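Participant: Residue-level listing of the chains:
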Amino acid sequence: MDLQTLTYIVVGASFALYIGIAFWSKARSTGEFYVAGKHVHPVANGMATAADWMSAASFISLAGLIAFLGYDGSVYLMGWTGGYVLLALLLAPYLRKFGKFTVPEFIGDRYVSQTARVVAVICLLVISFTYVAGQMRGVGIVFSRFLGVDITVGLVIGMAIVFFYAVLGGMKGITYTQVAQYCVLIFAYTVPAVFISLQVTDTLVPQIAFGSTVIDGGGFLLGKLDQIVTDLGFTAYTSGTKSTIDIFFITLALMIGTAGLPHVIVRFFTVPRVRDARISAGYALFFIALLYTTAPAVGALARLNLTETIQTGPVGSANGNLAYEERPEWFRTWEATGLLTFDDKNGDGHIQYYNDTNMEFTPTADSYGWQGNELGVDRDIIVLAMPEIARLPNWVVALVAAGGIAAALSTAAGLLLVISASVSHDLLKSTFVRDISQKRELLAGRISAAVAILLAGYLGYNPPGFVAQVVALAFGLAAASLFPAILLGIFSYRVNKQGAIAGMLTGLGFTVGYIVYFKGVFIEPFAENIAANWLFGISPEGIGAVGAVLNFHVAMIVSALTPAPPVEVKKLVERIRVPG
Amino acid sequence: MNKRTYWQDNLRLVALCLAIWFMVSFGCGILLLDFLNQFEIAGFKLGFWFAQQGSIYVFVVLIFFYAWRMSIIDKRHHVEED
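Sequence order for the protein chains is A and B.
My numbering puts the first residue of the first sequence at 1, with every later residue one more than the last.
My numbering puts the first residue of the second sequence at 1001, with every later residue one more than the last.
Hint data in this document are derived by calculation from the structure and do not stem from the laboratory.
Please read these numbers as outputs of a predicted model, since none were measured by experiment.
Possibly wrong hints are sitting among the right ones.
Below are the DMTMM-like pairs computed for lysine to aspartate or glutamate, each with C-alpha atoms no more than 20 Å apart in a straight line [claimed, not checked]:
| no. | chain 1 | residue 1 | chain 2 | residue 2 |
| --- | --- | --- | --- | --- |
| 1 | A | LYS100 | B | GLU1081 |
| 2 | A | LYS38 | B | ASP1082 |
| 3 | A | LYS97 | B | GLU1081 |
| 4 | A | LYS345 | A | GLU326 |
| 5 | B | LYS1003 | A | GLU568 |
| 6 | A | LYS242 | B | ASP1034 |
| 7 | A | LYS97 | B | GLU1080 |
| 8 | A | LYS100 | A | ASP435 |
| 9 | A | LYS97 | B | ASP1009 |
Facing chain B, a subset of chain A residues (Cβ under 7 Å, in silico) [claimed, not checked]:
| no. | residue |
| --- | --- |
| 10 | TYR71 |
| 11 | VAL85 |
| 12 | SER113 |
| 13 | ALA160 |
| 14 | ILE279 |
| 15 | GLY282 |
Stretch-level coverage of chain B by chain A, calculated; a stretch enters the list once three of its residues show a Cβ under 8 Å from a Cβ in chain A [as the list claims (entries may be wrong)]:
| no. | segment |
| --- | --- |
| 16 | 1014 to 1023 |
| 17 | 1052 to 1065 |
Every residue, glycine too, gets a C-beta built ideally from N, C-alpha and C.
Modelling step: build the complete structure from the supplied sequences, incorporating the hints.
Facilitator: Written as structure tokens, this is what we have:
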């Protein structure tokens, strides 16, 4: 059977599964729509959280990102997993005990302030829309690349599927489809990874292959990789180019940001008990770690594989580089998509792949007769082309397509749900129409989910130029605004509404300001985005951590200067600190 | 039960876990990177291993450890759920 047909069957089957689940788990009350009736088993919630969290970017781009960044890529690995420790120890159990529906609701109740609640809603909307636009784009790209349909058609199909189960099933429908999506995506990720580690190191488990010796001699994988990439003028794979302080702050910002993301936090509202919330975070991280410890292994294996495919002999020798005419089949396939490009700068008919931005390496390259790097590699190719590079059967390629779509859809659905919940519950019910009936609130939730999908689809179809720039913004905002406000709300009796609002606004303003200053969202940047200009050498990606620190200090100082919160706040805090 | 001692037991456990969390990631994976990279174990430079593998394994174990210890503290203070 040809690849196209097979891909249609596999992806179609996965869609049938998601829609079937949506029918089976239709939400009948607001409690089921917002928090799945709080009946979700901790293991199921762990899987759903993992799918919720791992986006198209984790599935498609993470391994490639690490393959080309080497050690510097560690910020994503530690940052996007370490946040779960903060979530499990500092937020999830207490918010579950609080026992209501949304994150802004907690902030509004704890600080007895509608203003604080609205500020939290604004943060939530900015974070979630930034994120969801990228997901819808991811859905469109996967569709167009694997199913050969137009990117717009792909986007519309993706919107229709999410519309169906998010609007119909609410949190209940999303939870169980996310469980299915996790299974699809982790299977699709692991199968090619196992094959590629068998081929390169004869080891079954990628995490072990990462530290094994390679089949064709030449010692350990990482040692060989360090050697070959430095011979080609790149930085050694196991050491990075970023400064230690920048690595430190980016990792911290990603960790705090992860713990502060509303669509992740709200998943822990769905389990039956406080202790389920604690253990469920463990399961979530376990399921995430399956992919996050495989990705760096895949990155290293694929980088070596790719480099050796091009550099067939000793570096600098006359026939050491692959002749363009002899390029393998997968090379031709991916050239057609534009993800691989070749430009024969020195006209020798061979492909030279090296670091031509390294000035110290230029004389060496000149002596080889190389006149610039000739190979353009898109990082996404590492995962997308892996099955073909490893010469795996077509059903594996089809599976990778289904996995990429599952990752994008599950994250998009989770985000759309928190958006609709905060519009119908935090804005509509508590601010504008207080006496709304449950039935009408449910309808309002469904309508706002539908509107959010249309808006997200529009953003995915017509992405504002800054989408790529604002990934840092989503994490920075979550770190600098929501996380400190929630944390202080649990661990301090004294922080009051003035402190919380001042803190959130300071963290928000500082972080947004810093990112706009260097990256220029909507406007031109004010200064060049280079280390020499940064505050303490911290890049915009890491500035959310500084924003969070500012938020904590401002909140505590302002609270100390203003009256203590009312007595019922102390009772609320005492109640959420104790499980039973 | 005594709410104050329950909360202090919880805080002590959280502090211990966060110290470990900080040590494996920010400590071994970032600040002590160059020092630990002198040692090579089974094909991995040690600092690099902590940054790309070890810290994640420790994070997973740490959350289960916290959940387990907390369930003991809950029982000791008679605040466990049904």
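Participant: Could you check if TYR71 (chain A) really has its C-beta closer than 7 Å to a C-beta on chain B?
Facilitator: OK, holds: TYR71 (chain A) within 7 Å of chain B, min 6 Å.
Participant: For the pair supplied as a hint, LYS345 (chain A) and GLU326 (chain A), is the alpha-carbon distance within the 20 Å limit?
Facilitator: Given that 20 Å is the threshold and the Cα spacing comes to 18 Å, the pair holds.
Participant: Would the pair LYS38 (chain A) and ASP1082 (chain B) pass a check requiring their Cα atoms to be no farther apart than 20 Å?
Facilitator: 15 Å, holds
Participant: Keeping to a limit of 20 Å between CA atoms, is the pair of LYS1003 (chain B) and GLU568 (chain A) held or broken?
Facilitator: Measuring from Cα to Cα gives roughly 17 Å; hence the hint holds.
Participant: Regarding the pair LYS100 (chain A) and GLU1081 (chain B), is the alpha-carbon distance no greater than 20 Å?
Facilitator: With a Cα-Cα distance of about 18 Å, the restraint between LYS100 (chain A) and GLU1081 (chain B) holds, given a limit of 20 Å.
Participant: Given the hint that LYS242 (chain A) pairs with ASP1034 (chain B), does the C-alpha gap stay at or below 20 Å?
Facilitator: 14 Å, holds
Participant: Hint validation: SER113 (chain A) versus chain B, beta carbon distance must be below 7 Å. Holds or violated?
Facilitator: 25 Å, violated
Participant: Verify this for me: three or more residues of the segment 1052 to 1065 of chain B with a beta carbon less than 8 Å from a beta carbon of chain A.
Facilitator: holds (count 10)
Participant: Under 7 Å is the threshold here; is the Cβ of ALA160 (chain A) close enough to any Cβ of chain B for the hint to stand?
Facilitator: 36 Å, violated
Participant: Taking the least C-beta to C-beta distance, is VAL85 (chain A) closer than 7 Å to chain B?
Facilitator: 5 Å, holds
Participant: Between the alpha carbons of LYS97 (chain A) and GLU1080 (chain B), is the straight-line distance 20 Å or under?
Facilitator: 12 Å, holds
Participant: When you check the alpha-carbon spacing of LYS97 (chain A) and GLU1081 (chain B), does it fall within 20 Å?
Facilitator: This hinted pair holds, its Cα atoms lying about 11 Å apart.
The structure shown violates the earlier hints numbered 12, 13.
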